[in-house]
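Protein chains: 2
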Amino acid sequence: MKLYEALAEEIAGMIAKNVLRPGERLPSVRQQQERRGVSPSTVFQAYYLLEARGAIESRPRSGYYVAQRQPLAPEPEASRPDGVSTVVDVSELVFSVLDAGRERSNVPFGSAFPSPLLFPLEKLGRAAAAALRRIDPWSTVADLPPGNAELRRQIALRYQLDGVQVAADEIVITNGALEALNLCLQAVAHPGDTVLVESPTFYAALQALERIGLKAVEVATHPREGMELGALAEALEQHKPQACWIMTSFQNPLGSLMPPEKKQALVELLARYDVPLIEDDVYGELYFGAQRPALAKRYDGKGLVMHCSSFSKCLAPGFRVGWAAPGRFARHVERLKLTTSLAAAMPSQLALAEYLGQGGYDRHLRQLRGALAGQQEKMMQAIARHFPPGTRFTQPQGGYFLWVALPEGVDALVLHRCALAHGISVAPGPIFSAKRAFRNCLRLNYGHHWDADHEAAIATLGQLARDQLQG
Amino acid sequence: MKLYEALAEEIAGMIAKNVLRPGERLPSVRQQQERRGVSPSTVFQAYYLLEARGAIESRPRSGYYVAQRQPLAPEPEASRPDGVSTVVDVSELVFSVLDAGRERSNVPFGSAFPSPLLFPLEKLGRAAAAALRRIDPWSTVADLPPGNAELRRQIALRYQLDGVQVAADEIVITNGALEALNLCLQAVAHPGDTVLVESPTFYAALQALERIGLKAVEVATHPREGMELGALAEALEQHKPQACWIMTSFQNPLGSLMPPEKKQALVELLARYDVPLIEDDVYGELYFGAQRPALAKRYDGKGLVMHCSSFSKCLAPGFRVGWAAPGRFARHVERLKLTTSLAAAMPSQLALAEYLGQGGYDRHLRQLRGALAGQQEKMMQAIARHFPPGTRFTQPQGGYFLWVALPEGVDALVLHRCALAHGISVAPGPIFSAKRAFRNCLRLNYGHHWDADHEAAIATLGQLARDQLQG
Numbered sequence: 001m002k003l004y005e006a007l008a009e010e011i012a013g014m015i016a017k018n019v020l021r022p023g024e025r026l027p028s029v030r031q032q033q034e035r036r037g038v039s040p041s042t043v044f045q046a047y048y049l050l051e052a053r054g055a056i057e058s059r060p061r062s063g064y065y066v067a068q069r070q071p072l073a074p075e076p077e078a079s080r081p082d083g084v085s086t087v088v089d090v091s092e093l094v095f096s097v098l099d100a101g102r103e104r105s106n107v108p109f110g111s112a113f114p115s116p117l118l119f120p121l122e123k124l125g126r127a128a129a130a131a132l133r134r135i136d137p138w139s140t141v142a143d144l145p146p147g148n149a150e151l152r153r154q155i156a157l158r159y160q161l162d163g164v165q166v167a168a169d170e171i172v173i174t175n176g177a178l179e180a181l182n183l184c185l186q187a188v189a190h191p192g193d194t195v196l197v198e199s200p201t202f203y204a205a206l207q208a209l210e211r212i213g214l215k216a217v218e219v220a221t222h223p224r225e226g227m228e229l230g231a232l233a234e235a236l237e238q239h240k241p242q243a244c245w246i247m248t249s250f251q252n253p254l255g256s257l258m259p260p261e262k263k264q265a266l267v268e269l270l271a272r273y274d275v276p277l278i279e280d281d282v283y284g285e286l287y288f289g290a291q292r293p294a295l296a297k298r299y300d301g302k303g304l305v306m307h308c309s310s311f312s313k314c315l316a317p318g319f320r321v322g323w324a325a326p327g328r329f330a331r332h333v334e335r336l337k338l339t340t341s342l343a344a345a346m347p348s349q350l351a352l353a354e355y356l357g358q359g360g361y362d363r364h365l366r367q368l369r370g371a372l373a374g375q376q377e378k379m380m381q382a383i384a385r386h387f388p389p390g391t392r393f394t395q396p397q398g399g400y401f402l403w404v405a406l407p408e409g410v411d412a413l414v415l416h417r418c419a420l421a422h423g424i425s426v427a428p429g430p431i432f433s434a435k436r437a438f439r440n441c442l443r444l445n446y447g448h449h450w451d452a453d454h455e456a457a458i459a460t461l462g463q464l465a466r467d468q469l470q471g
Numbered sequence: 001m002k003l004y005e006a007l008a009e010e011i012a013g014m015i016a017k018n019v020l021r022p023g024e025r026l027p028s029v030r031q032q033q034e035r036r037g038v039s040p041s042t043v044f045q046a047y048y049l050l051e052a053r054g055a056i057e058s059r060p061r062s063g064y065y066v067a068q069r070q071p072l073a074p075e076p077e078a079s080r081p082d083g084v085s086t087v088v089d090v091s092e093l094v095f096s097v098l099d100a101g102r103e104r105s106n107v108p109f110g111s112a113f114p115s116p117l118l119f120p121l122e123k124l125g126r127a128a129a130a131a132l133r134r135i136d137p138w139s140t141v142a143d144l145p146p147g148n149a150e151l152r153r154q155i156a157l158r159y160q161l162d163g164v165q166v167a168a169d170e171i172v173i174t175n176g177a178l179e180a181l182n183l184c185l186q187a188v189a190h191p192g193d194t195v196l197v198e199s200p201t202f203y204a205a206l207q208a209l210e211r212i213g214l215k216a217v218e219v220a221t222h223p224r225e226g227m228e229l230g231a232l233a234e235a236l237e238q239h240k241p242q243a244c245w246i247m248t249s250f251q252n253p254l255g256s257l258m259p260p261e262k263k264q265a266l267v268e269l270l271a272r273y274d275v276p277l278i279e280d281d282v283y284g285e286l287y288f289g290a291q292r293p294a295l296a297k298r299y300d301g302k303g304l305v306m307h308c309s310s311f312s313k314c315l316a317p318g319f320r321v322g323w324a325a326p327g328r329f330a331r332h333v334e335r336l337k338l339t340t341s342l343a344a345a346m347p348s349q350l351a352l353a354e355y356l357g358q359g360g361y362d363r364h365l366r367q368l369r370g371a372l373a374g375q376q377e378k379m380m381q382a383i384a385r386h387f388p389p390g391t392r393f394t395q396p397q398g399g400y401f402l403w404v405a406l407p408e409g410v411d412a413l414v415l416h417r418c419a420l421a422h423g424i425s426v427a428p429g430p431i432f433s434a435k436r437a438f439r440n441c442l443r444l445n446y447g448h449h450w451d452a453d454h455e456a457a458i459a460t461l462g463q464l465a466r467d468q469l470q471g
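For the record, the sequence lines run as chains U and R. Per UniProt numbering: the first sequence = residues 1 to 471. Per UniProt numbering: the second sequence = residues 1 to 471.
Honestly, the hints are just simulated from the structure, not real lab data. Fair warning: this is a prediction, and the values are worked out from it, not measured in the lab. The reader is advised that the hints may include incorrect statements.
Unchecked claim - Here are a few chain U residues that face chain R, going by a calculated C-beta distance under 7 Å: (1) 19; (2) 83; (3) 84; (4) 113; (5) 120; (6) 128; (7) 318; (8) 319; (9) 320.
Every residue, glycine too, gets a C-beta built ideally from N, C-alpha and C.
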């Protein structure tokens, strides 16, 4: 980490812990210089970085102040699903939305991916070339599940840095996190079984349940702190589920982040019922705060937490390398991988092992987080300016999605269709629910470079929503 | 194709069509030179190539003769399964055999893969590097199912050369053929349904059925000509299956090759019952004759044939790029791919598209076929020398597996364990049957460079079998 980045992280931590309060003046550049012995340019760079993230703001001829992060809008209310299990049948709706959203010329607010321009594709390409030059031909056979040994070692090292003990042996390399999640699900649930999910929940989770013939019970979820444990306890009693699938950090679509003590309580609650937790953690590295959020797996004493993640959202989209650390189910998942698709692609595995070994991953992640935080701030301000009164939205501490609840009376599916006619894609709320709830909600992606087109697109969406309310 | 290769292919074709008969003398080098206007070295190279393949043999001071391909042993009899459906539960046995066979120091007769040294890994590495240097970042998002457009175009071109009309649009790129087969199976069959398979059949087919909760009906299969259509017709009447999964060319484990007219009759028979054919064709390119065997898909008039293949056995093991051409089920398979593992790895797809575009694939295939044919001949001769009287084996026209039926009284599972103690892996017959039949059979892999250790290993296997018969 460079000096200015370290300084920025330190100040961000002080803001997060409320040591520095909203509106408070930051030490001047001269003060920092004298007290810390750093150069003025280091301080300026740190302040610019924090300003780009929206954490501090400059006032002309006065200096830098902690941003007034009064919420730009109230956050949406926690969901209150009816707690009845549902045979999942949402795929057709999801596909029609996804197909419409893949047109490159559209403003990509409905996309599931951040901009590919944010990733070090050139460096990854060079890493792949270097690794393939040195390839041991026999590795093409030996790198069957659980996967390339060096890559698994690198992943295990990162778990250790995050305070979680995961042996390299426990890690099964998969064809992206989606395959990891599917395999974990199949390892513990069978057709007709029930699985608890968040409300709203990621549509791919619903599609996976649908494909395997599982029933979904959506559990009340708070837009800032994730699944509500009281509602979870009731669902555990009532439905005797075989698994619980939760995105514990920066949930898709809400952006909710379960606090560490709540994660611990979650793991303990599920352990009392002996129910496995499938912890979908693909956004965990995209935090805007000072530290990576804790993993629920950290609190796992019984091997019941199946932690799944990938490099697709934070480093190498398209390389299709994910993994599962499935606790006591590791061998079962490994064998399912073998009978489902044999192994993950060797060139991708080797390229990532090489890249991680070179040591630039954390620097890339810091840049990526900074870019996403800045783009989030800009999208929030634009929504606050252009959307109709009564609009609520989340203010996630990481990831690249905002969850927007428009006033009752706005139909997101209609809005989705009208927006497409204006060259704007959005992800309408009903695709995030087996019951097609959240009819007035949108998930908006701020993972792309913010420009005047984006500002105009938000204005158009706001106008379309107003038109509906007046029509 | 080089001149000597073209000449060798031409002669091989004449042998295959019986224009040149076993034991017949080939034209002398001088004759070829005069009649064809080619150089002596071209003729010598062609003859050396054919000799390496076991197609011709030199007799000192006499010239070259078409090899006496009297069978070295009688072929095994066609299987006679009982036609009762079976809930599949074979995975544990398969895994214990596979785990034992992955030890690199063992003689790899039990391996499912040919030697990785037979593949142009360096050239593929350079192709990957070149493709990744030119990558369009947006392709990392756009290359979702059905996959990279250029790669699909290249595959469609090869279909056309084989006389089959497959649009690039029909092709879904998958994570190896195994995923393609799994997705095709899931597109047409649901838990509790029945699927017809060969007897013996590839264990991964049995594992796929087991994982999805399908019932297998094993249908009588001839060791040279594949599934028997009379038995198939009975099974169609009796079991009302949802699909039929057949390896039409160089079946694993038998090596059987269904003749073209039988493939046509197969497709017509299944069409009368409206039953989809999952055509597993991963070995089709590894033919020793003059021409690629016909695809059953060639005779498909109703879109019922789901053709699956990959580059894993003939070009790029470990790249995990396969595909399905699923006829009328194409969109369904594409969507299943999206919900199962999203997409195939982009670096592998780009590398293969680049390699295929460069045009060296057919030359590589010719070399590979020559090497496999030569190794097959050597293994057959060694078995004929060392195995006990009464041993039968197949003489496949392609692929890299021999199916050996030892005399009744030899237990292949015992032989497998004893062989491992001698550092030799074999694939015992019972892993190729949901009923654990074929107790006296072995599948032996000749896909590795033949040497004295291999000769000695065959002798050891022969001795172990004799010990069992005498014990």
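Do the hints match the structure? See the list:
1. A cut of 7 Å between beta carbons decides the hint on residue 19 (chain U): the least distance to chain R is about 40 Å, and the hint is violated.
2. Restraint check, residue 83 (chain U) versus chain R: the minimum CB separation of about 26 Å is more than 7 Å; hint violated.
3. A least Cβ separation of about 24 Å between residue 84 (chain U) and chain R goes past the 7 Å threshold, and the interface hint is therefore violated.
4. This hint holds: residue 113 (chain U) has a C-beta 5 Å from the nearest C-beta of chain R, less than the 7 Å allowed.
5. Proximity of residue 120 (chain U) to chain R is violated relative to the hint, the smallest CB-CB distance being about 10 Å (cut-off 7 Å).
6. Because the closest C-beta pair between residue 128 (chain U) and chain R is about 6 Å apart, less than 7 Å, the hint holds.
7. For residue 318 (chain U), the shortest C-beta to C-beta distance to chain R is roughly 3 Å, which falls under 7 Å, so the interface hint holds.
8. The beta carbon of residue 319 (chain U) comes within 6 Å of a beta carbon in chain R, closer than 7 Å, and the hint placing it at the interface holds.
9. With a least beta-carbon distance of about 4 Å to chain R, the hint placing residue 320 (chain U) at the interface is held under the 7 Å criterion.
Going down the numbered hints, you'll see the structure goes against 1, 2, 3 and 5, while the others check out.
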